[in-house]
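Enquirer: Please put together the full structure from these sequences, using the hints given.
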Amino acid sequence: MHELAITQNILDIAINEAKAAQASHITKIRLIIGELSGVVGECVQFYFDFLKRGSIAENATIDFEAVPAELHCRNCQASFKLEDSNWACPYCQSTTVEITGGQSCFIESIEVE
Amino acid sequence: MKRIKVLKNITSANDAIAAQNRELLDRYNILAINFMSSPGAGKTSLILSSIQHLRHKLRLAVIEGDIASKIDADKIDKQGVPVVQINTGGSCSLEAHMIASALNKLPLDATDILFIENVGNLICPASFSLGEHKKVVISSITEGDDKPAKYPIMFSLADAVVINKVDLLPLQEFDLAGFRKKITDLNPEVTIFEVSCKTGQGIEAWCAWIIEQVQHRRNPKF
Chain A
1 MHELAITQNI
11 LDIAINEAKA
21 AQASHITKIR
31 LIIGELSGVV
41 GECVQFYFDF
51 LKRGSIAENA
61 TIDFEAVPAE
71 LHCRNCQASF
81 KLEDSNWACP
91 YCQSTTVEIT
101 GGQSCFIESI
111 EVE
Chain B
1 MKRIKVLKNI
11 TSANDAIAAQ
21 NRELLDRYNI
31 LAINFMSSPG
41 AGKTSLILSS
51 IQHLRHKLRL
61 AVIEGDIASK
71 IDADKIDKQG
81 VPVVQINTGG
91 SCSLEAHMIA
101 SALNKLPLDA
111 TDILFIENVG
121 NLICPASFSL
131 GEHKKVVISS
141 ITEGDDKPAK
151 YPIMFSLADA
161 VVINKVDLLP
171 LQEFDLAGFR
181 KKITDLNPEV
191 TIFEVSCKTG
201 QGIEAWCAWI
211 IEQVQHRRNP
221 KF
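Residue numbers (the working numbering), protein chains in the order written: chain A, 1 to 113; chain B, 1 to 222.
Careful: at least some of the hints might be erroneous.
What the hints assert, rightly or not - Pulled a few chain B residues facing chain A out of the computed Cβ check, cut under 7 Å:
| no. | residue |
| --- | --- |
| 1 | ILE4 |
| 2 | ILE10 |
| 3 | CYS92 |
| 4 | ILE123 |
| 5 | CYS124 |
| 6 | ILE153 |
Unchecked claim - Not close to chain A: a few residues of chain B, all C-beta gaps over 12 Å, as computed:
| no. | residue |
| --- | --- |
| 7 | ARG22 |
| 8 | ASP26 |
| 9 | ILE33 |
| 10 | LEU48 |
| 11 | LYS75 |
| 12 | LYS78 |
| 13 | LYS134 |
| 14 | GLN215 |
| 15 | HIS216 |
Since the hints were derived computationally from the structure, they do not count as laboratory data. Using N, Cα and C, we set each Cβ at its ideal position, and we do this for glycine too.
Expert: Right under this line is the structure:
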C-alpha cells in the first residue's frame, strides 16, 4: 500500500525515541506486522535502506515479526488463526467471525548505542 | 547496547492529528462522515444526491480527496456548497494532516455536516483515521459481490454500507442476499442501504440515517 510514508513514520518514531534516550545510534528496529495490516515487509525494507541514509539509523537493521490474523467465531465463541484465507470457523464452519488481532503494525522496540 | 520499548503504532502520528481534528469538529458541533469505496462506486454521486435531499434541512460542507484533478470539487461547487479539494499527489489515502489544513478553509461555524470523500481505494483508507465520526463504505453492483471477502478490514470498520447502482441488478449476476450476509457476518452492527443515485431509489432512507446521526450527536438520548 503506502509503504514509503509508513517507512518514514517508522524512522521518525525510532529516531524520536532514540533522541529522547540520548542515544547516538540506532542499531535495530523491531517491527511487528499484522497479517491484515496491509503492510508489506519487503517494501518497508526497500524504502528503509533508502530513507535511513545520513540519519542516526544509518546502520540500523529492521527485524520483522509477522503476526497472523486472529479471528473469533460469534457462533461457537472459538478463537482461531486465519489460514489459507479461509474465514470460516474451523470448529463450526460459521462465517460470522470477528477480527480480533493481526490488524496493526507497530514498533515493538529499538536497540540503541 | 540498550533496548528501548516503544510499542507505538506506525500510524500514531496520524492518529494524534486525527484526534485534534475530532476535537475541532466537536467544538463546532459538526458531524463528519468519511466516504470510502473503490474508484467508480459512486462516492461523489452519493454526496451529490445527499446534498439535494439535505441542503434545506442542514448546512453542508465537503472535502474532496483525489490523487489528482478537481473534477469532483467543481461538481460540488456548482451546488453552492462549500468545498475544499485535496490532491494527495500519489498518496493512496487521505491522511489526518490533510483534513486539518482543509478544515481551516471551511466555514466551520456555519456547518452541521461535513462529507469527506476519500481516495477511491478499499485498502489504505481503512488504516488512516481522519477524525471522522462515521465511516461509510459504498459498494456498487457492478464491482461484483465478492468485495467484503476481499477487503474484510474495510467492511468490518464501516458504520454504514451503501450498496449503489441497484437499478442495475436485473442486468448483473449479483447475489444481493449473499453480499449482505458477508457484510453482517463481519460486522453485525452495520446499517446497510440499497440505493440508486441514478433513479433516487433508497436515497431518502439513507438521508434519514444521516439526520438521525446528527440528532443523536446533539442529544444522545434521542
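Enquirer: With reference to the structure, classify each hint as holding or not holding.
Expert: Hint check:
no. : hint   : verdict
1   : ILE4   : holds, 5 Å
2   : ILE10  : holds, 5 Å
3   : CYS92  : holds, 5 Å
4   : ILE123 : holds, 6 Å
5   : CYS124 : holds, 5 Å
6   : ILE153 : holds, 6 Å
7   : ARG22  : holds, 20 Å
8   : ASP26  : holds, 25 Å
9   : ILE33  : holds, 22 Å
10  : LEU48  : holds, 28 Å
11  : LYS75  : holds, 27 Å
12  : LYS78  : holds, 32 Å
13  : LYS134 : holds, 19 Å
14  : GLN215 : holds, 29 Å
15  : HIS216 : holds, 24 Å
When each numbered hint is compared with the structure, no violation occurs for any of them.
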